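> Note that the protein sequences, when read in sequence, are chains A and B. Going by numbering that gives the first Met the number 0, the first residue of the first sequence is number 0, and it counts up by one from there. Going by numbering that gives the first Met the number 0, the first residue of the second sequence is number 0, and it counts up by one from there.
Mixed in with the good hints, there may be bad ones.
The list cannot tell twin chains apart, which means a pair is met if one copy fits it or any two copies do.
To be verified - The calculated SDA-like cross-link candidates involving lysine to any residue, where the alpha carbons are at most 25 Å apart (straight line), are:
#1 Lys83 to Gly57
#2 Lys83 to Arg207
#3 Lys83 to Val43
#4 Lys17 to Arg171
#5 Lys17 to Arg207
#6 Lys83 to Pro26
Calculated from the structure, these hints are not laboratory results. Remember, predicted model here, so these are calculated numbers, not experimental data.
2 protein chains.
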Amino acid sequence: MRIAELSRRTGVPIPTIKYYMREGLLPQGERTGPNQARYGEEHVRRLRLARALVEVGGLPVASAREALALIFSSGVSEFDVLGKAQYALTPPRERAGDGAGDDAGDEAAAQVDELIARRGWQVKPGNPARRTLADALATLRRLGEDDYLDLLETYAETAEQLADTEVRAISRRGDLHSMAEAVVIWTALGDPVIASLRRLAQEARAARLLGGTAEDTS
Amino acid sequence: MRIAELSRRTGVPIPTIKYYMREGLLPQGERTGPNQARYGEEHVRRLRLARALVEVGGLPVASAREALALIFSSGVSEFDVLGKAQYALTPPRERAGDGAGDDAGDEAAAQVDELIARRGWQVKPGNPARRTLADALATLRRLGEDDYLDLLETYAETAEQLADTEVRAISRRGDLHSMAEAVVIWTALGDPVIASLRRLAQEARAARLLGGTAEDTS
Numbered sequence: 000m001r002i003a004e005l006s007r008r009t010g011v012p013i014p015t016i017k018y019y020m021r022e023g024l025l026p027q028g029e030r031t032g033p034n035q036a037r038y039g040e041e042h043v044r045r046l047r048l049a050r051a052l053v054e055v056g057g058l059p060v061a062s063a064r065e066a067l068a069l070i071f072s073s074g075v076s077e078f079d080v081l082g083k084a085q086y087a088l089t090p091p092r093e094r095a096g097d098g099a100g101d102d103a104g105d106e107a108a109a110q111v112d113e114l115i116a117r118r119g120w121q122v123k124p125g126n127p128a129r130r131t132l133a134d135a136l137a138t139l140r141r142l143g144e145d146d147y148l149d150l151l152e153t154y155a156e157t158a159e160q161l162a163d164t165e166v167r168a169i170s171r172r173g174d175l176h177s178m179a180e181a182v183v184i185w186t187a188l189g190d191p192v193i194a195s196l197r198r199l200a201q202e203a204r205a206a207r208l209l210g211g212t213a214e215d216t217s
Numbered sequence: 000m001r002i003a004e005l006s007r008r009t010g011v012p013i014p015t016i017k018y019y020m021r022e023g024l025l026p027q028g029e030r031t032g033p034n035q036a037r038y039g040e041e042h043v044r045r046l047r048l049a050r051a052l053v054e055v056g057g058l059p060v061a062s063a064r065e066a067l068a069l070i071f072s073s074g075v076s077e078f079d080v081l082g083k084a085q086y087a088l089t090p091p092r093e094r095a096g097d098g099a100g101d102d103a104g105d106e107a108a109a110q111v112d113e114l115i116a117r118r119g120w121q122v123k124p125g126n127p128a129r130r131t132l133a134d135a136l137a138t139l140r141r142l143g144e145d146d147y148l149d150l151l152e153t154y155a156e157t158a159e160q161l162a163d164t165e166v167r168a169i170s171r172r173g174d175l176h177s178m179a180e181a182v183v184i185w186t187a188l189g190d191p192v193i194a195s196l197r198r199l200a201q202e203a204r205a206a207r208l209l210g211g212t213a214e215d216t217s
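Isolated chain A, as found in the complex (with noise of 0.2 Å):
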């Protein structure tokens, strides 16, 4: 198909896929004359693709490419490509706090290492969500939150059980390709389906425990 059929297909507008292809997020298509190109159900899937992660997941651009090249590749061993797919998907976050002077960053660090410890997970060193938890930890403290470390507990154990849920619905899928996708998509995607549930939850929570209105019945 022309790169017209393309956009429209996929409702993404022309400039954008040209610009998706500059930044090697989608790959050329196929020449077919001196400003014509050719593509295929590859592109619409990839696009799509492209677009959820950035539109909507809010990812970098290069973070967004990494994870497209690593689903759209093959030869690596299984679990490994599913551990640098989700690791392309945390994008490392500017430091706050650097040159504050104080030492919430290292006391979160080790706050980090003792809660992977305590309950039991094996996480490798070079995941770098230790250190966007680490950074949002650090921050905390210095503001003063310190109620926050009961939290803590709670938010572990969601995670568990979101991560259980997930890892288990994604082993169902019969090949490589197919669970790489669908950690890349959920990873992505899940982290605003998870933040807009949480907000939806917590003024119907609050609405209960703190508005009191006459439709509560709790």
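Since the structure of chain A is provided, determine the placement of chain B on it from the hints.
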């Protein structure tokens, strides 16, 4: 204190402080001369909070400004300010799939309504998280990820657990100011905390279920 001292105390560089003041995240200091201003403890507190929201929570500057203005205001009823602060922390996402020419968007919006009704959640029609969730679900539908429906109930249950713990912790705080501050901090920083814990737990779960290492004792 002078701006240099404000920078030293918080670890925030002076150009960033000036940027935050221009963008309305931080009020100007008290003028003490043509090129000098004085800052107080409220500036220290508010600057730390602004940076946490933008750099660790990943909020757009406009959302952070709105949330900070609510925290440092008064004169609204309790539930009111907490709800408004929470809404400010759900930045509107770009619409993926506008013009995709399918029914996935409408179907997803209906699915969100059904989910909220099924769980008995009292949620106002204006809660922006409805839209964020519907966008993510529509994207998943377009990608052919239909087994996410099974996961959605698990996600909703864990969201309820998180919300219950969070709302209880916040309600234990004595004053409205402190409660509003906790809503803002916990909503914004809870996102990276949960996202990173989920990734760590996924790796741990996958190591057991798929990796089968020697340390596996499950």
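> Under the constraints set out in the numbered hints, which ones does this structure not fulfil?
4 and 5
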